[in-house]
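Trainee: Each chain, letter by letter, is given below.
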Amino acid sequence: MSAAERILSRAVNEITPGSIVNLGIGLPTQVIRYLPDDFDVQIHSENGILGAWKQSPPEAMDPFLIDAAGAYVSLREGASLFDSAVSFALIRRARLDLTMIGAFEVDEQGNLANWKIPGKFSPGIGGAMELAQKTPRIVVLTTHTDKHGRPKILKSCRLPLTAKACVSRIVSDLAVMDVTPQGLVVREKLVEISDADLQARTEAELTFAA
Amino acid sequence: MSAAERILSRAVNEITPGSIVNLGIGLPTQVIRYLPDDFDVQIHSENGILGAWKQSPPEAMDPFLIDAAGAYVSLREGASLFDSAVSFALIRRARLDLTMIGAFEVDEQGNLANWKIPGKFSPGIGGAMELAQKTPRIVVLTTHTDKHGRPKILKSCRLPLTAKACVSRIVSDLAVMDVTPQGLVVREKLVEISDADLQARTEAELTFAA
Amino acid sequence: MKKNQTLENAIAAIPSGAVVMVGGFGNPGTPFSLINELVRQGQTGLTIIKNDANEPGHGLSRLIENGQVRKLITTHIGLNKGVIELMNQGDLEVAFHPQGMLAEKIRTAGAGSFGFLTDIGIDSEITQPEDLLEWQGQTYKVEMALPAAYALIHAAQADWIGNLVYQGSAINFSPLMAMAANHVIVETPDLGAPGRFKPEHVHTPGAFVDSIVPLESLTSEYGVLEHHVRR
Amino acid sequence: MKKNQTLENAIAAIPSGAVVMVGGFGNPGTPFSLINELVRQGQTGLTIIKNDANEPGHGLSRLIENGQVRKLITTHIGLNKGVIELMNQGDLEVAFHPQGMLAEKIRTAGAGSFGFLTDIGIDSEITQPEDLLEWQGQTYKVEMALPAAYALIHAAQADWIGNLVYQGSAINFSPLMAMAANHVIVETPDLGAPGRFKPEHVHTPGAFVDSIVPLESLTSEYGVLEHHVRR
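Protein chains in written order, with numbering that gives the first Met the number 0: chain A, 0 to 209; chain B, 0 to 209; chain C, 0 to 230; chain D, 0 to 230.
Chain A with its partners taken away, still in its complex shape (with noise of 0.2 Å):
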């Protein structure tokens, strides 16, 4: 299993039935992938899209229904459709459950950093700030560690940040990590690691649950 793979098949599990989740783009939407296809839960998608599923096949496909990375989706019986500000008014309104996200950064007290690298790369910050300082549940899906093998969990993000103290859990392709008043809390590791090595490739500090 690739760490991509490792990811989101513990991913799914974080989306209990019945919930209104939102998968941002990158890893996140591709989670939708993993979910069996009579699973109870309605999907968010930030351009308007309540009851977002998985791609049409090619016959089927709409060039009008994308979701937020652009992909085609097809709809679940349900779904609704609607404009860009009923669609925060949602994300503000708390309405939804669980939103996963990416992160360039993400730190011991729960903040997010995932949209602007100064002097390299600031595209614009899309709907994630929103969703991070609003969704009562957010959960990181990212690599444990950069391209280069520097850790992307830090003691406190270097980067400007999305939210302060918005995450609720890290899955990275090592563990789950729990964000605590005590810091992070490791709950379960995705591979054959020790906690040392586990600590080694992770900035900030971890304590392993019993």
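Since the hints were derived computationally from the structure, they do not count as laboratory data. Here a beta-carbon is modelled for each residue, glycine too, at the ideal position from N, C-alpha and C. Not one of these hints is a red herring.
Some chain C residues judged to face chain A by a derived CB distance under 10 Å, without partners named:
no.: 1; residue: Asp158
no.: 2; residue: Trp159
no.: 3; residue: Ile160
no.: 4; residue: Asn162
no.: 5; residue: Asn181
no.: 6; residue: Pro204
Quick list of in silico lysine to aspartate or glutamate cross-link-like pairs, EDC-like style, CA-CA up to 16 Å:
no.: 7; chain 1: B; residue 1: Lys115; chain 2: C; residue 2: Glu124
no.: 8; chain 1: B; residue 1: Lys119; chain 2: C; residue 2: Glu84
no.: 9; chain 1: A; residue 1: Lys119; chain 2: D; residue 2: Glu84
no.: 10; chain 1: D; residue 1: Lys1; chain 2: B; residue 2: Asp37
no.: 11; chain 1: B; residue 1: Lys53; chain 2: B; residue 2: Glu76
Go by the hints and put chains B, C and D onto chain A.
Mentor: The following block gives chains B, C and D in isolation, referenced to the frame of chain A:
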């Protein structure tokens, strides 16, 4: 012809083809009965209708479709229905061409008072303030004097204003008057009446067009 | 997720003293069945937000006549002499707003915002000096958002997950209140399975709705009011 | 009243230097034909308000690549490296807003209001001290309304008097922009007579629309983008 009939049958000529018109509670909503069936106009009702039309026959009456006065209306081809926020957005964005509205008092500066008689009558302001303040053209339909024979067309309104300097034209049961920078100018008389007699029933100073 | 509820349980969620929005402009959109159950259960000290007070003996007027309402936030009660009298006697506190301002205050709460800047009524007696804001060289009136704990809504049609469709002029305040209240209770005579609506025809997405009460049929109070028929 | 216009005449109404809103999130809702005509006519110094810049060689990106845009007010241009480069070189001024704030700023203009009070991004680097307002004991960020002289909109269906129906995820910013712009220009491949829509299915009431350009058919740029199909 009664006073009301004189006002209504003259008022209907204020509606130009292709226009969007709001009819206020009272005399104005009755103007709709005087419009030819094929007349090109869209009647706006503040409770969320564009394209309201005459009362349906009893067998076709829809209890879920009323105008702002509570009367059962029908819809024309091309009608649309929307919520109260959109309805008043349309008003505040000045997408109406004309509002016909009733008055307790109107004055020579075009000030309008039609919502409150302190100590006597204050049932709330409804949609009047936004209609009066934001419609490009306001035509007041009113009897020239009140039921005690006192002038309703004044030098300066004494009641709390609905909106300042908003009225373009007054259609009374006696005359049609325009609000101009030089004060009220009589454009037409709707009954046989001398200039002096009309002035005697009017507190504001009238100018008689040549 | 099925949001179906009995009438009794749905209304029992509302405590005395609650702030409750009620949809409807005149009869259309008024959730008579939900209001009647609130009358039956007897919660008191309520603050009600509704465009109007309905007409004597009907809808919201019943709740007011029964002494359950402490404060009414509204736009116009001209069709209800009884409620005007209660207001004039000091037995009912009434706050009036221009209709579009009431709609926009509710919608602002529904958008998760806290207020908006307007010029409506800015030089009229409805504006107090403390409502005025000087900002970037201009003067505005600040209208604060108007949220509520509960909303009572009538929908022509619904599905189990809360998608709503309204009818005729019964849309009015309902979609705005469904966005603005923390707990949204809907009555409908026509409840069905998800998939019954084309997604672009849904007026209120199900995410805004908490419980749905199916009505067996519409009683006569939902019908044509004879005194509003022009002869 | 018929609002039909030719493509050429509709776009000729827009002068150089104008502020123009453009509907669409990604491809859906982007009025490619109206944009292409604006490229052909060559108006310059435009300020464009659009969620994104489309992808290189398509839609808004063509207008930007052609040097006609002075300033872009947007939320995310991550799918357009060429436009990011123009921004980084200083050849294009870009102002970013969180997506829901952009939507709400446009909608606020569309509601005839002047600004709103929010807490989004209030303690982030997108907020400057001069954006903050102390009001009734709380601190808010003031977001001002964002109006425009013109809006370019794609509708799936329309009628002669301007009633619009959108399709799929192509609704997005379009109804908000139709409310917010002073002069609203719509393209549609499916224009018909009034009466074709059920009144409760209309997304944008005709009163907000000024001119309608019928399209003979939809060109390939309205179709599926192969590189967004997951294999």
